[in-house]
Amino acid sequence: MNKLVKTQDVTYEYVRRDDDGNVENIVTAVDDVSISIEDGQMVAIIGHNGSGKSTLAKHLNALLTPTEGTVWVDGIDTSDESRVWDIRQKAGMVLQNPDNQIVGQVVEEDVGFGCENLGIKTEEIWERVVDALKSVDMYEYRGSSPNKLSGGQKQRVSIAGIIAMKPKCIILDEPTAMLDPKGRKEVIDAITRLNKEENVTIILITHNMEEIIGVDRIFVMDKGKLVMEGTPREVFSEVDKLTELGLTVPEATLIGKKLYDSGLPISLPVLTKEELVSEIGRARLSKFR
Amino acid sequence: MLLIADHLSYKYDKLNKKNVLDDVSFSINKGEIVSIIGHTGSGKSTLIEHFNALNTPTEGTIYYDGKDIFEKDYDRKALRAKVGLVFQYPDHQLFEETVYKDVCFGPTNLGLDKKEVELRAYEALKKVGVEDDLFFTSPFELSGGQKKKVTIAGVLAMKPEVLVLDEPTAGLDPKWREEILNIAKRLRDEDGVTIILVSHSMEDVARYSDHIIVMDHGKKLLDGTVDEVFEQAEVLREASLDIPESTAIMRLLRKEGYMVNTAIYDADSAVREIRQKIRF
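Just so you know, the protein sequences line up as chains A and B, in that order.
Counted the way my numbering counts, the first sequence spans residues 1 to 289.
Counted the way my numbering counts, the second sequence spans residues 290 to 569.
Simulated from the structure, these hints should not be mistaken for laboratory data.
For every residue, glycine included, the Cβ atom is placed at its ideal position computed from N, Cα and C.
Don't take each hint at face value.
Negatives, chain A to chain B, calculated, CB over 12 Å [stated by the list, open to error]:
| id | residue |
| --- | --- |
| 1 | Thr28 |
| 2 | Glu38 |
| 3 | Gln41 |
| 4 | Arg128 |
| 5 | Val215 |
| 6 | Lys225 |
DEER-style ranges, computed between Cβ atoms [to be verified]:
| id | chain 1 | residue 1 | chain 2 | residue 2 | range |
| --- | --- | --- | --- | --- | --- |
| 7 | A | Glu124 | B | Ser558 | 50 to 60 Å |
| 8 | B | Glu412 | A | Glu238 | 40 to 50 Å |
| 9 | A | Arg284 | B | Ser298 | 48 to 58 Å |
Work out the full structure: start from the sequences and follow the hints.
Take a look at the structure:
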């Protein structure tokens, strides 16, 4: 498969200065990270606050360029300044707070805004806006004012604005952190559908482990370094290690692990509620044998 | 009863003619940890802005300690020291050059002398666990979790009787979430501060509250203990909310015929219940 996003030995440092402009210290926010994400994958980046995950994510659409190492997005080196807009068209970013991302007075205007900046013809913009809104299930709100929408709806409008630019990849930095449970589910369902049905590559940053049970790959960051990488089943096998890193695991995974530690023959890791219930059933039967 | 909302209605949306708050009544006892949950736009933030008279109701009123806070000669300035609000975004609340100055701002405004102000600021920062070496850094250089602690200290320095926290853990990682919520719990346990918590995290709400008020489209939907509220899974889901994941797991076990208690809100209790009630 084609590597859509690739980082090679990426390090990002920034200098902290005091009030007089003297260098206080140098912070290494990302430390020698190499990852690759294939076209059409849905991946998650997790890590505690300050682990470097957002800084890494900002490299994936050239909001930041590495101090050392190289980032390629669809084969383009992000340090090539002349290609910055190509990169941002290929890899769009959705942020945590929906209120900071919406600019239009009407939903469909807001969604078309990015396309306008790309210099696309008006008729085509309208077509794209319609398709984008349908793809996140917000078409019926096209004429609404964004500030009348719920948090989950606003986030889906932000996602539609990026989809309208026909990106290959969407990076979402804690898109559900501000949302209520229903809003969270709407956003996760929308990006999962974009991934499965329209083959958009999804890079999701989140603290909510339940949201990433179904992704293809998880990258775990700590102190700027990539410390674990694997499928959800591989990563969530390491409950103790994740706990040490200040992270949690899905609730069913945690309960499964604790039941196993209490002596029950549960096969680990358990990822979903349904799996846990069937493992408990199996553990009961195995005793009667 | 420390705080009573009495048929509170608030209308700001003249176009929609919809009530942001619609005939909301409840009471909060001294020393309780009360959570207010509800979908975005359900009226939670507008509601808590009534608790210290930042908003004035269109109808109904609030009684604090037996007195109507919207009466003409009620001392609302004194009320704002007793009922402290910590807003969701620390960046909207922090503004001084140093952490210490920021925390001094509230008590200075109360007209206390310099010595008392400094003592209170120091105590408040210690109470929330801000290390001395951060006192003279700019609050804007701190991490999200540290900023949250400083905004809480800024309110604590006014020695409030009630601390209202609007989504204090949104965007924080699990470790910081727990740390912030434990500060709130400690303030209640050690100092008897009444805590009002607005949250979207069903897990946090279940673990820390004595009492939960559920809002839906400006109306009060449910009001009860943790068990009473999380028993109503369908009602909560209708209102864009949910039940904690552990509770959902216990309910699924129950559906499969295991006779387990479903009033379970964390992994350890779930494991204990499964080991006790299911014969392996």
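Measuring from beta carbon to beta carbon, are Glu412(B) and Glu238(A) in 40 to 50 Å?
holds, 41 Å
Please settle this one: Gln41(A) was flagged as non-interface, so is its CB more than 12 Å from every CB on chain B?
holds, 24 Å
Please confirm whether Arg128(A) is truly not at the interface, meaning its C-beta sits more than 12 Å away from all C-beta atoms of chain B. holds, 28 Å
task: Go ahead and decide if the range 50 to 60 Å is satisfied by the Cβ distance of Glu124(A) to Ser558(B).
output: holds, 56 Å
_Distance restraint evaluation - Arg284(A), Ser298(B), Cβ atoms, bounds 48 to 58 Å_ = holds, 54 Å
Would you say Thr28(A) is clear of chain B, with no C-beta pair closer than or equal to 12 Å? Its Cβ never comes within 12 Å of chain B, the nearest being 16 Å, so this holds.
In terms of Cβ atoms, is chain B entirely out of 12 Å range of Val215(A)? holds, 18 Å
Legend entry - Distal placement of Glu38(A) relative to chain B, Cβ over 12 Å: holds, 28 Å
Verify this label for me: Lys225(A) is non-interface relative to chain B, using a Cβ-Cβ cutoff of 12 Å.
holds, 17 Å
Consistency note: the structure conflicts with none of the earlier hints.
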